[in-house]
Structure formats: C-alpha cells, structure tokens
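Asker: This is what each chain is made of:
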Amino acid sequence: MTSSETAERPVVQMTGISIEFPGVKALDQVDFRLFPGEVHALMGENGAGKSTLIKALTGVYGIDAGEILVDGEPHQFSGPGEAQSAGIATVYQEVNLCENLTVAENIMLGHEPRRLGAIDWRATRREAARHLATMGLDIDPASSLGAHSIAVQQLVAISRAMVVDAKVLILDEPTSSLDADEVAQLFAVVRRLRDEGVAILFVSHFIEQVYEISDRMTVLRNGGLVGEYTTAETDRLQLVSTMIGRSMEVLEDLHVSTAHTVAVEEGSTPYLQAVGLGRKGSVQPFDLDVYSGEVVGLAGLLGSGRTEVARLLAGADRADSGDTRINGVPVRLRNPRAAIGSGIAFSSEDRKAEGVVGDLTVRENIVLGLQAGRGWMRRLPARQVDEIVDKYVAALGIRPANPRALLRNLSGGNQQKVLLARWLATAPELLILDEPTRGIDVGAKAEIQKLVAELAERGMAVVFISAELEEVLRLSHRIAVMRDRDKVAEVVNTDDVRVDDVVELIASGGKH
Amino acid sequence: MAAVAPEKRGTEAPPVAGPQRGRRMSTIARRLRIDRRYMPVVGTFVVLALILSVGGVRYDNFLSTNVLANLFINNSFLIVLAVGMTFVILTGGIDLSVGAVLALSAVSAAYLLDAGVPAAMVMPAVVLIGSIIGFLIGVMVHVFDVQPFIATLAGMFFARGLCFVIAPVAIPITDETFVAISAWDTWVGGQWRVTTSVMIALAVVALAFYLLHYTQFGRTVYAIGGGEQSAQLMGLPVARTKVLVYVVSGTCAGLGGLLFAMYSRSGYSLTGVAMELDAIAAVVIGGTLLTGGTGFVLGSVLGVLVLGLIQTIITFEGTLSSWWTKIVIGVLLLIFVVLQRVLTLRRT
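For the protein sequence lines, the chains are A and B, in the order given. So in our numbering, spot 399 of the first sequence is number 399, and the numbers just go up one at a time. Positions in the second sequence are counted from 1; adding 512 to them yields our numbering.
Same shape as in the complex, but just chain B (with noise of 0.2 Å):
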C-alpha cells in the first residue's frame, strides 16, 4: 500500500498543475499582447533580469557599468559564434565543428603574424579559413546528404588536427598593428567601455538580424526549419540556403579566433575545447527551437549574456568552484528545453 500511494500522487499530480500554469501563462502573455513566437525570448529575457537583480542585491559594484561593459568584451566571440550558430540550428541542423574551427583561426592568425605577414592580410584571410571549412561542410550536408551532426564532427575534428599541426605549443601574438587593432577601445557616454571586438560582434549581431529578417535568404533559412520539403516545393532555392548556412557558421566561427586572438594575444590549439556546445546552449537558452523553424539572433545574444552573468556571478561569490558555472548552465538549458517542449506541445 505504501509503495502505490506516492506513485498515485506522482501520477495526479502533474495534470492538474500543468494546463493551470499553462493557461496562466498564456493568459499573461495575451494581456501583455506578446505573440507566442516571442515566448522564449520573453522566458530568456526574465531570466536574465532574474540574474541582475539577484546579484544587484547580493554583491555591491555588481550592477555597475564597468561590469556589464565587461560582459560585452569577455563574450564578444561567444556572441558571434552563437550568432552563427543560430542561422544553422534555425534550419533544423547543428554545428559542432565551431570550437575546433575558432582555435584553428586563431592558431592561424598567430602562426601567420609570427611569420611576419601584415596584420591587414591576416585579418581576412584567417576569417576566410573559417568560410572554406563552413563550405565544405555544408557541401558534405547537403550533396552528400550526410547527418550535420556526422559533418561537422568530422570538420571538428579536422580543424583540431590542424591546430596542432601548424602550433604545437601557444603562439604569442607580437604584431604592433594587430595589438593596437585588439587593444583600441573607446567609451560610450564616458562609462562604458567599448573595444574593437565587441564592435565586431555587434555589427555581426546586426548583420545577421538584417540578413535573418530582410532578406529572402534569411526567411528560407525559417522555411527549410518549418519544413524542407515543403520549402523545396514552394520553389525556394533550398540547396544554396543550407549550403549557406554552414558558410554563415564557418565564417562565424573564424571571426569569432580573430575576436578571440585579440583577447587572449596568442595562438593556442587547445583554445576553445567544447566552446561549440556553449553556443548551442546560448542559442537553446534564447529561446530557439533545436528543431528548427523559430528563434531569433537577438534571443541568442541574451543567452549568451545569460552564461557570462553566471560566471559573473560566481566569480563574485569568489568562494565557489567555478565548475557550479556549468551546473547551472545544465540546469537552465533543462529548464529551457522542457518550456519549449511544452510550447510546442501545445501547439499540436
């Protein structure tokens, strides 16, 4: 008898719970006038006033300008990885091979600059390394038909090994453009600081909503998520826009070594191990549907400013392992991925 009790609780429980907070939900969210679309950018966006204002209570100088302008300069490849990320995940595919291609950039950049090639040749060509590799991938997706997750784990893979073919050990970067391209930084309003790579990532940001939003690429990229046959049969340019988005990714990721060469003023071929699964987690945790089909760059952005206020805040706590940054990572992602579950429940 014991034994049956709970479990007949467990099983009651939930039913009755689930469709009121369900309705609440959806009550509020008709009150406020807010389209269902925007719910998970809505939940991101509580969550990270959640995470301000709780450490706004707890620590003093937490809520100050310098922090939140560092939050900006800390995550600025993150940004732009998951800003890519977001164009991929949007079709319904996945890219594991950003890390791996990000070091690889990075590695390049500082590898090339050593060798003495001009930091205005640099530049470009080691975003470019990201774009081929994003080409071939797509390539192999979509002619070769094979799994995204198969494809970009081979160029994960790939890139890696070239890391460490061209930079055995950590290249320092010493190149006196390149420093003071990386070292520039200006203040808006006199409080906020600004540096060059936060201005890339947020022109990518930019960029990539215009192309998401105002371009027929980027409404394709929505179709081929909500479906890609039907998106075939409506007669849209279906083999280019998945072709693409790896592109978008790749070029992306390798943006995101320039970003991160700047920061770290070096080339190193363990650089950003697992950094592809921290922008999947920005990109689910913006609130975008793994499935494909709905999400938003900006719901991105805020995830990815959810994950450093985490680390913000337990670097704050100062007593705490900094391992707690990926339970709570875990623990969030779980949140977000069931709320979408439901959201999408729903709707059938």
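Next comes chain A alone, as it looks inside the complex (with noise of 0.2 Å):
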C-alpha cells in the first residue's frame, strides 16, 4: 500500500481548510489525503475537529477556506446529496435511516429502479437483497428496519453507501455499540470494499480497531493537523501521545491516584444504603451499600440491569418494593427532585437526550442544576456564577474555554464534562455516573477517570457504571457485578482482582 501512495493520486485531496462556529474554530488550515484501496483512520480527541472534517467533505458544513478535489476536480458540495452524487457516501455514528421504513426501502431509497415512472417494488426488493447479500445478511428486505439490531442497521446503512457505487466511504464510529462479532463481520466488509478499490475513512475510538483495520492515519488535534502516519510503523504510546499533544502523564498519573485504599472504616453508615430495592420488569430487589469516600463500580453487560439500578438510586424510577436509607435514615426518592435534595446527582448515560441543553450556552448549563435547586425567584448573583463557570471550565479542563460557546458546538467529551460540572457545582454527596465516558477520546477519558478518583478521595461517595471492564477496575473500591436484572455479586476490589476474574462472575452468575 505505502508503495503505491506517491504513484496514484489520491481520490480525495483536502487542502487549507477551515470551518469556523460562532467561538469555536472548529478546523484550522487543515490538509488530508485519501487513496483509492486503503483504510484511513482519521484521529484525534473530541473536539479534535474529526467530524467537523468529515461534514466539510459530506457537504454538511460549508468551509470558510481551502480547497476539496475529489478525483482531481474541485468541488463545493452544498449538502449530502451532492457529495453521493461525487461518489462519497458517508454511514453516521447513529445510524441515519429512517425505522418507519422497509429495509430494501432504507437501502433504495433515492435510486429505486422504475417503470414506466413508477417505483417498481418488487424489483427494488431483489436488488435490496442483492445488496445485504454482498453483506453476508441475510434478513428479509420486506421486514421493518426498526426491528433489527444496531449492528444490522449498520450493515444496512453500508449497504446502502454502495448502492450508489461509492468511490469513498466514510465510517465514522461505526462500531461503537457493536460487540466483538458484529465487528468482526463488520471489517471483513471492510476488508472486501477495500480489495475492491473503495477509499474508506474510518473514525474511531477504540485504537485497537484501528490498528487491526487502517492502513494510514491522519491525526487531527484542536482543530489543526498534527500529521500523517503509516499505521504498521506507529506504535501505540506515540500515537496516543500525538494525539492528546502531551505525553503519557496523565494516564501514569492516574494509576498513582487510584490506588484501592479502602476508605471505609468499619462500623460505620453508609452514606446511602438501598435494602431490597427493586421494581418489577426492571431490576431484581438488590442490597448496596455506598459509603463516602468510596467508588461503587457497576459491572455488567449490556442490559444487565446496570442503568436501571442508577435510576433507582436517582429516583428517575420509582422502587416498588424495598427502601433507601440516607445516612441511616430511611427516605423516599419519587422523583430526581428529591434525590437531588438528598445530595444524589446522577448523570445519565444518554447525554444528548437527558443530559445537556444544546441550545444554552456553557455557563447556563454548568449553573442549571444549582439554579434550579435553589429555585427560579433567587436568581444567583452574575459575579457568584462567574466564579462557579470558571472554577469548573479550568478544573475540568472544559475546551473551548469560553463560557459563551453554545454547548451543541462543543464536542462530546467537553459536553460530558459540562455535565459532570452541573453536578459537581450542586455539591453532591453521592455522584452517580453512568457511562461518563462513553464515545469520547483517551485524554479526556483519563482525565475524567482521574477527576472521579479526586472526588473520592475528598469524600464523596460514587457509583461509577460502565461498559468498560478495565475502567471500572481501575476505579472502583468495590464492584457490584449485575447479570439478567440482578445483582449476582460483589467483590471487593483489590490489586489482585483481574478483569477476567469479573468477567467470570459475569458468565457464571455468581454460583462457583
């Protein structure tokens, strides 16, 4: 592959582009190739200006400068339609097909074959089927996409991309809720469009997948070019640390800071303590301790109960059976109005839906929940809320330190730790998180994992959930494993717990 790099041209050529939001430049005089029968990771942190690239070749966003030559000619695509029409199709993070729809629908859409004038539907069907065919799915064409899993949608957004003969495909986190199958299944699509010539550019955060599928990479950091490797002759330290542009500090650092000390003396009350706890249809009763000072993993498969126990915790659902005790004290959480009063914060895990207000800006988002739990007639003083935003944008790190961006412009880990600010500035005495770090980059997920680890150490009590093994380990004091909707487990994690030891907890359900 390197070889032919200098001989061919390339099929997409970027030159000198920037894009600028309201305060926010996302890029920055950047440069990328993509050639013909390679796959291209694009890298880079949240924020990074890895999607704001892949809108600017899309057509999404307009540029503001430079230049796109795809095939040679110069282009200014003005909306996806146009950029398919070049022959680049692009499959989302969230898969952008409409449910309502068939699947030989979603896959036809635009390009259905006709007769006279007349969508002919049972031949939009066959070649639908020809399509997911070369896919290796074998799903009924007819059947609702709805229905189908992610990782199908996913394939079906992929057969769709070929549909149109796409020259580039872009895939940008395409296995972000896939497990290791559907991955697998995945990049040997990939693998196959590749032989056959398609430019493929593909986004991800897992470095592992990255190395086993790119050829090349280009990485991306604060919206300028960092460079452009070869994948095999890049080892991972290097790459991680062009990546977050500093070297591997933060993450050496973290390992110092989570050392397992229990914090706990015995004897004493837990700060919260859930007896019996359950709800029908959601999670079996359960018994959990959550003492201050301490991190409480949550581990557990997908499904396995892990974020419905947080919501019970939270009083986003109501327990039907069992009781919460705070400090020893029973109370009855009905709604997250009275959690919040009883000092529990809880970050869900679906930041875009239940998290944060795209539409406020920074500040206004870091002071909405303490605004709201000291209610709407004592508004807090411009200069106090000043103290609050700043205090949290530099302690958190929060790019770009602007208080004034609107948060929709800001990328996925800075949203996140927006939120986590909101929470914080609450002065929680239980935090609960549930997948804090999920789709966002390695630095900003260290940094995260280190602030939580802070938190503790000063006293607060956390319950920590996430999909990642390693990261619940490394955090966590003690870890309730969950399996089916209850809980079937809990150790107490000590150096010599290993992530396969949880994992066997999890397959064996906790019966030896």
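Calculated directly from the structure, the hints in this document are not laboratory data. Glycine is no exception: its CB is placed at the ideal position from the N, C-alpha and C atoms. Errors might be hidden in some of the hints.
Unchecked claim - Quick list of the computed label-pair ranges, beta carbon to beta carbon: (1) B:M633 / A:D71: 47 to 57 Å; (2) B:V849 / A:A382: 40 to 50 Å; (3) A:D140 / B:V579: 39 to 49 Å; (4) B:A561 / A:D140: 26 to 36 Å; (5) A:V503 / B:L789: 51 to 61 Å.
What the hints assert, rightly or not - Examples of chain B residues toward chain A, derived with CB under 7 Å: (6) Y726; (7) R731; (8) A735; (9) S742; (10) L745; (11) M746; (12) G747.
To be verified - Far from chain A, by Cβ distances over 12 Å, these chain B residues were calculated: (13) N578; (14) I847; (15) R853.
Two chains, two frames, a set of hints: combine them into the complex.
Answerer: The structure is reproduced here in structure tokens:
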C-alpha cells in the first residue's frame, strides 16, 4: 500500500480547510489525503475536528477557506446529496436511516428501479436483497428496519452506501455499539470493499480496532493537522501522545491516584443504603451500600440492569419494593428532585437526550442544576456564577474555555465535562455516573477518571457505571456485578482482582 | 384505609390487563399475517364495519346503496381535504389552513362566476388559489423555519379574511355550465349514484396513492416523517418535498372548495369553519401517526367514512341532537390516539 502512495492520485484531496463556528475555530488549515484501496483512520481527541472534517467533505458544513478535490476535480458540495452523486457515501455514528421504512427502502431510497416512471417494488426488493447478500446479511428486505439490531442497521447503512457505487466510504464511529462478532463481520465487509478499490475513511475511538483495520492515519488536534502516519510504523504510545499532545503523564498519574485503598472504616454507616430495592420488570431487588469516599463500580453487560440500578438510586424510576436509607435514615425518593434534595446527583448515560441543553451556553448549562435547586426566584448573582463557571471550566479543562460558547458546538467529551461540572456545582454527597466516558477520547477519558478518583478522595460517594471493565476495575473500591437484571455478586477490589475474574463472575452469575 | 384501597387497585390493574390485551392483539395480527404497520388501518376498518352493522341492525334501509352512495357524495370534499392533510401529517407537520382555503376557493368560484367569467377558467383558477397559498405556507415552514402550526394558522386567518373581503354575503351560483357539471351523475350498476364530485374525489385518492407509494416524492414524504435529519443525510430532496406537501394540501383544499361550491351551489364566507379539524380527525382515525412517517391515504378515506357514518346514524336516530356527532368523534379520536401510543410504545 505504502509504495503506491506516491504513484497513485488521491481520490480525495483537501487542502487548507478552515471552518469557524461562533466562538469556536473548528478546523484550521487542515490538509487531508485519501487514496483508493486504503482504509484511512482519522484520529484525534474529542473536539479535534474529526466530525467537522467529515462534515466538510460530505457537504453538511460549508468551508470558510480551502479546497476540496475529488478525483482531481474541485468540488464545493452544498449538501449530502451532492456529495453522494460525486461518489462519497457516509455511515454516521448514530445510524441515520428511517426506522419506519423497510430495509429494502432504506437501502434503495432515492435510487429505486422504475418501471413506466413508477417505483418497481419487486425489483427494488430484489436489488436490495442482492446488496444485503454481498454484506453477508440474511434478512428479509421487506421487514421494517426498526425491528433489527443496531449492528444490522449499520450494515444496512453500508449497503445503502454501496448502492451508489461509492468511491469513498466514510465510517464515523461505526463500531461504538457493536459487540466483538459484529465488529468482525463489519471489518470483513470493510476489507472486501477496500480490496475492490474503495477508499475508506474510518473514525473510531477504539485504538485496537484502528490498528486492526487501517493502513494509514491522519491525526488532528484542536482543529489543526498534526500529521499523516503509516499505521504499521507507528506504535500505540506514540499515537496516543500525538493525539493528546502531551506525554502519557495524565495516564501515569491516574495509576498513582487510584491505589485501591478502601477508605471505609469498619462499623460506620454507609451514606446510601439500598435494602431489597427493586422494580418489577426493571431490576430484581438488590442490596447496595455506598460509603462516603468510596467508588462503587457497577459491572455487567449491556442490558444487565446497570442503568436500572442507577435510576432507582437516583429516584428517576420509582421502586416498588425495598427502601433507601441515607445516613441510616429511610427516605423516599419519589423523583429526581427529591434525590437531588438528598444530595444525590445522577448523570445519565444518554447525555444528548437526558443531560445537556445544546441551545444554552456552557455557562448556563453549568449553573442549571444549581439554579434549579435554589428555585428561580432567587437568582444566583452574576459574579458568583462567573466564579463557579470559571472554576469548573479550568478544573475540568473544558475546551474551548469560553463560557459563552453554545453547548452544541462542543465535542462529546467536552459536553460530558460540562454535564459533570453541572452536578459538581450542586456539591452532591453521592454522584452517580452512568457511562460518563462513553464515546469520548483517551485524553478526556483519563481526565474524567482522574477527576472521579479525586472526588472520592475528597469524601464524595460515587457510583460508577461503565461498559469497559478495565475502567471499572481501575477506579472502583468495590464492584457490584450485574447479570440479567439481578445483582449477582459483590467484590472488594484489591490489586489481584483482574478483568478476567469479573468476566467470569458475569458469565457464571456468581455461582461457583 | 378506604382511600388507599381503590388507589392501589387502580395502579395494579392496568399493568396486568394491558400487556395481555396487547399480546392477544399481536397474536391475532400474526395469525392473520397482518404487518404491524397496517394495524391502525385495520382498526379503522373494524370500527367502520362495527358502525355499519350497528346501523344495519337498528334501522331499516340503513345498509341500502342509496345511503352509502350519499355518504360519498356528501363527504367528497372532506375526502379531498383529508388526502391533502395526510401528506402534511406524514411529514410530521399539520395544516390548519385548509378549512379557510376551501372557503376562499368556494367564494372565489361563486364571485367569478357571478362576474361572468366562464366556468372553464374559474375551475382551474380556484384550485390554483389553493396551490399558491399552500406554496407560500410551505416556503414559510421550510425556508423561514416557522412552526407548521403557526404558518398554517397565519394562512387560515389570511384566507378567511380574504373571503369576507371578496363576498360579505352569500353569492348563489347560477352559471349554467357549472350547474350542469355539478348536477351530472351516473348510476354505477344501476344502483349506485356517482356524481362529478365523487369521481373527482376518487381520482384524487388514486393519484395520492400513486404519488405516495410509487414515486420518489412520496417515499421522501415517509422518510421525512421517519427522521428529517436522516432523510437529509441520505441525500433526499428534503427542502423541495417539505414545500411540496403544503402545495399538495393547499391544492386539495382549493379543489375541495370547488367541490363544496358544486355541492352547495353558492359561495359563503363562513363555509368550512373548523373543517380542517374534521380533516385532521379523519386522518388520525384513519391510522396516521401525528408524529409522521406512518399512515396510509386509504386509511384517511376510511376515517372520513367513519365520520360520515356517525353523522348518518345520528340523522337516522332522529331524536338526537347533531352535536352528538362531535361527542362520538371526540371519543373515537381519543381511542385511536391511545391505540397509536400503545403501538408506538410497544415498538420502543
């Protein structure tokens, strides 16, 4: 691959691309090349400008400066439709298809075979079935898309991309909700397309996957180009440090700060105590103690009941059995407001839908929780707000460090930090974090992990949920293992507890 | 204690009955091999059959071809309105202007005919009035990103106001060609009376069905209802389609006005007040989700027939106030909206 690099002409060549949003310089003089028959990984932290670069290439955003050449021809796309007709197809992180339509329609929409001007449905389904077969997908084209798993929908989206005989296929975080088998299936498809000469632009936070699939990579940082590398010649440590733009200090630091010292004295009362707490159809009754200064991890597979436990503890769902005690006093957490009043903050896993408010500024988002707690009649004085906002923007390293920036213009990792800042500003006694590090990059992840460890050190009780067992193990003092909506085990995290042990607990259901 | 007991029963009963009934419904659907997408329409059909059989049992002559043929004749304009409304609601929008546009079209027809303009020119002209208003609304909704509710509300006031400017009092239609066209009828199978307006309404239904299911425009309508952003990213012509659905709805309203002028042989500014709500009710009862993306134009026709049959039953009953129609429609609407909620909740 590398030898042909100079000989061949890139199918996509972007030079000096700049894009500016109000208050944010999203891309600054970025160059990017993509060759036919390669898998090219676009790497960078959240906010580095990966999504923006993709959206510039696909015509979702207009560019303020620079030039885009596709097959040597200058192009200025004004929408995804135009990019598609130039042979650039995109599969987005959240599958952007219509769940109300059938699989066949989703693949063929806009390219249906016609007969006498009318859509020929039989031919449409046949054509769709043919494309599905090349993906190795055996599903009924006439079934409705919503009935299939995200993984299948992802492959359907790729099938759609191939209908237009795309020369360039952009995969934006395609693997974030797939399991290992599904990733293997996806990669098999990607490799075949590459061998057929399609240029594939691959964006992922999973570094191992990038090494598995990509030939070359381009690294962005803070909207600027860092460099273009050949994957085989770049080692992981080197890559990560170029991405985060500093040495591995942050990650190293973390290991020191999270030595598993259980900060709990024997015989003391837990801050929060759940006794036989459960909800029909949601999670089996469970007992859980969380002490101040302690991080309790919830481990389990997707759908094992992790989130349900968090929602019960935070009063987001009402329990129909058992009770909750705070400092030994029984309380009824009828709704999140009551929980907040009791010093419990819950940061939900779906930050887009249940967390941040995109149309408010960073500043407004941070003080939202605090202001709600005070009631609207007693406005926080502006100076106090500034103090709080400045403090958290600096402490959490929110970028851009501009409190007036609209939240939706921030990257995922920074939105998560803002959400965290909102809860921290309310000075909770117990912080429940559901997947706080999902879909955010290594640097931001490490920073959030470090922050969690520090908060616990300072006496806050933390419930930490993550799909990544390594992360749960690294941070938690104790781990509750969930399986099939039931708490099956609880382990004290010592240095000799390993990921495999937890996996075994999940697999065996705690019975040895 | 006494206060606690009923509350407890109240909270416990539905979770038991709900899923069971849902399961039974889906078992029936599976046995009959009905796709879940068609369930609401099947529901409408069941309601229609129910009303027909109740009417048939209670009154002599209810199930006569005469009554049923009149059902189509008396509701032809509402069928046309409901068809246009279906397009808009499928994209997730709403069109409140159609009642007033219908009135404007009818009043304009009467006014122009009264002024001596030939019917051959008047008829396309008044339909065009609807298209133009629809286009303006579409531009407001898409280009200026105004909420459909507000944009069409503005359209409604505009059209209704214009009615009064054109004709403060009712204008009778006496033009010979126009009267001849509206009075024309034929007997299908010697039994079933079909008028010009019924023919037009059925042609509109057929055309709408073709547009929605066999053209890219129609599929884009569904895609927008399923997710506007997705449709955009799939490279579909979202902007054009969103404007066009309001043009379709406006055109249907203009045509509806023409049919209403044929039906009433006059133009009156207070025609069709709140008729947009009847159209919306018909569409919803016909199984189209107000959130867009799911529904069928034939369902909307069934919805109109359901509304018409309720009216017929109340007439047959004789002693009941016609306002009972509204009450029954209200109850039906409620049932259908709840049914839709149940179906969409089960999906997620």
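Asker: Failing hints, ascending?
Answerer: none
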